[in-house]
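One-letter residues, chain by chain:
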Amino acid sequence: MSARVEVEERVSFFRTYVFSIDHKMIAKQYLAIGLFWAVVGGLLAYLLRWQLAYPDTEAPGWGFIGPEFYNMLVTMHGTIMVFFVAMPILLGAFGNFLIPLMVGARDMAFPRLNMLSVWTLALSSLVLLISFFVPGGAASAGWTGYPPLSAKPIYTGVNWGLNLWILALALEFASFLMSGINFLTTPINLRAPGMSMFRLPLLVWMQMTAAILFMLSVGPLIAGAIMLLLDRVAGASFYLPQGGGDPLLWQHLFWFFGHPEVYVIFLPGLGIVLEIFPVFSRKPIFGYRPIIYSTIAAGILSFTVWAHHQFISGMDPRLAMPFSVTTILISVPFALMVFAMIATLWGGSISFPTPMLFALGTLAVFLIGGLTGIFNGSAPVDIYIHSTYFVVAHFHYTLFSALFFAGFAGLYFWFPKMFGRMMNEALGKLHFWLTFLLFNAVFIPMFLLGAGGMMRRIANPMQYEFLRPLQPLNTFATIATILLLLAQLPFVVNFFWSLFAGKVAERNPWQANTLEWSAPSPPPHGNFDTVPVVYRGPYEYSHPSVSEEWLPQDRPTMPTATA
Amino acid sequence: MAQTHVVATGVEARVASGIPTGKMGVWWFLASEIVLFGGLIGSFVMSRVGSGGWSEMAAHLSVPLGTFNTFVLLTSSLTMVLAFAAAEKGDQKGMRTWLLLTVLLGLAFLIIKGFEWGSEIGAGFTPMAGSFWSFYYTMTGLHALHVLGGVVVNSILFLSALMGLLRGREHRVELAGLYWHFVDIVWIFLFPLLYLSWTKGGI
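These protein sequence lines map, in sequence, to chains Y and G. Counting in my numbering, the first sequence runs from 217 upward without gaps. Counting in my numbering, the second sequence runs from 52 upward without gaps.
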């Protein structure tokens, strides 16, 4: 062997696994980043729940927590889960992996930009990780970073932790702005012959809508973050009243982004569920176009609801009514999508492999999340439940459903395509039932706690006379949290065991229609043997003219009479 | 294990919408940039309307220098268009000349802006001197960073044209031009908002 060959091999290893421009490897890198942070976020959840159940005692495996450290725990738990778990997994991993495969392209439109975006996220992750170890610790002004608390280091005692938090978020936003350009340009321009916009799988529509929402809402928050950083380090006065600033400005900028951001996370999760339901119901999706129109309507409306987070912030109370109305209005397109999902299941020949269980779990959990949102959205009710555990329970029912139930559904479903092997069904089902039951055991008590008046941002409920009778609920939720975290072990075992020893997957193990199942498992760089030609929509299941229950988008045989 | 690395991407890419892929990418990028500056300008306007004493502050900005700088930036947009027109005609020399002029005008803008900042800070109007000045430095600073980015991109284009690397890739001049005009348009909003919207004794 000459030295030259060895060098070539090393370069190609580097190019394949580290600085890859292949969208599938980049997707796996996003997945790795997301899963890493999910472990961190889960551990933070354990510690903060411990503090709430057994205030100011030693947490097993860690030690004393106390109020200041508790503030850091909740701040970083929220930040990590939303920006460093949900977005990397639901957009970064699934969007990158599936968009080019589903539209029939060989890669993203800008592969190098794609590589830059994942490495920007890696840098951002590093900055966030470092922020835990600087003097004063990580950010502790809440994941929403409201000034004046966040605008002066002296208020929280955290100086560089919060500066680095702002920097990490800015880098994260830059990363997903670059992704967004790819997520939009690829489905618009790189569709395979015959793949019209209305033959795209719904997941692609959802990812595109999410990308537009992100790109058109994050700008003001980037501007706001620059302003916050200048308030902190340069003594500017954007948010500090004594210099002529206004703390409410931040809330508007944050939530103008923050509310569309909810849908940036939620829509890709919904897209995963919408892909899985027809496959395991053996039925076409119900109302393909209405779902697309609802998605667009929800996307537009999502820019008009932000101030429902601020009903008691001191903004002009006359604004409460219009924002209540738009908030109730946005439940209409989502209700329509839920009905379309139920109608897709209706009368189907349903089977229940693990991905389908998680998809059904998403629907069940989201229903509760969505319905409790209506309480929060009406100003008179919100005045009572604002900043209580009712809100905490509500947004975990919406975001946990999208991130974990839909995320796991997608992972179990596309694992064979990503890694070429099947996951274990028995472990998967165990994982689902434990997760489903324990999730509800954690968060149903929080609805009761919230209705009982427990405030969101307190480190020690035992300090309040009126909350003491509710403490058993806190203890119950904490024990359920610990069990919920342990219930993820079957998944971890399953994931790594299947990666190396799972049953080798064929091209189309679920007998599905969309284009990714026409590519080899896993697809090579370049995806398809030849660029596929598309003849029909993505959900032609149980078509009367073919004997099989599925009819792939790229199968040339036209059904006989109906042209 | 040696992985075969088939570089098949992009080459046979289709253009399903009819809009060139590179141009569409730039347009989406600019869409997000519009919202970035939109948020900043919106915040400025809301704060300006909601609090007093800003007219007095705005009166300290140098309108002649701002006007001259506006003229410089507008001219650079013109030279950018001329560079693209030359590129389309296959006139490599013209393209190089106009690109160089665009770069120089961009640098001139930054130098004049830097001089303005220097004299304002010298007069005690630092970012800490109140909300108006906080906004002023943030808005013009972010814009200046964008100008700097454009100068870098245009310089790269100029240098690669000089080395003959741009032949067959002249459409890149158009893409850089889209961005450059955007930066110009942002200034068209900033200039009247910051420099001109005040009255003697107004709020």
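The reader is advised that the hints may include incorrect statements.
From the structure, some residues in chain Y lie toward chain G, with a derived Cβ separation under 10 Å [unchecked claim]:
| no. | residue |
| --- | --- |
| 1 | Ala325 |
| 2 | Phe326 |
| 3 | Ile397 |
| 4 | Thr402 |
| 5 | Pro409 |
| 6 | Met431 |
| 7 | Met443 |
| 8 | Leu446 |
| 9 | Asp447 |
| 10 | Gly461 |
| 11 | Phe472 |
| 12 | Gly474 |
| 13 | Ala703 |
| 14 | Pro706 |
| 15 | Val709 |
Anything over 12 Å on all C-beta distances counts as not near chain Y; from chain G, calculated [stated by the list, open to error]:
| no. | residue |
| --- | --- |
| 16 | Val114 |
| 17 | Leu116 |
| 18 | Thr118 |
| 19 | Gln143 |
| 20 | Gly169 |
| 21 | Leu193 |
In short, the hints are calculated from the structure, not lab data. Bear in mind the structure is a predicted one, so any value in this text is a computation, not a measurement. We put the beta carbon where it would ideally sit given N, CA and C, even for glycine.
Quiz item: Among all the numbered hints in the text so far, which are the ones the structure does not match?
Solution: Of the numbered hints given earlier, those the structure breaks are 12, 13, 14, 15, 21, listed in rising order.
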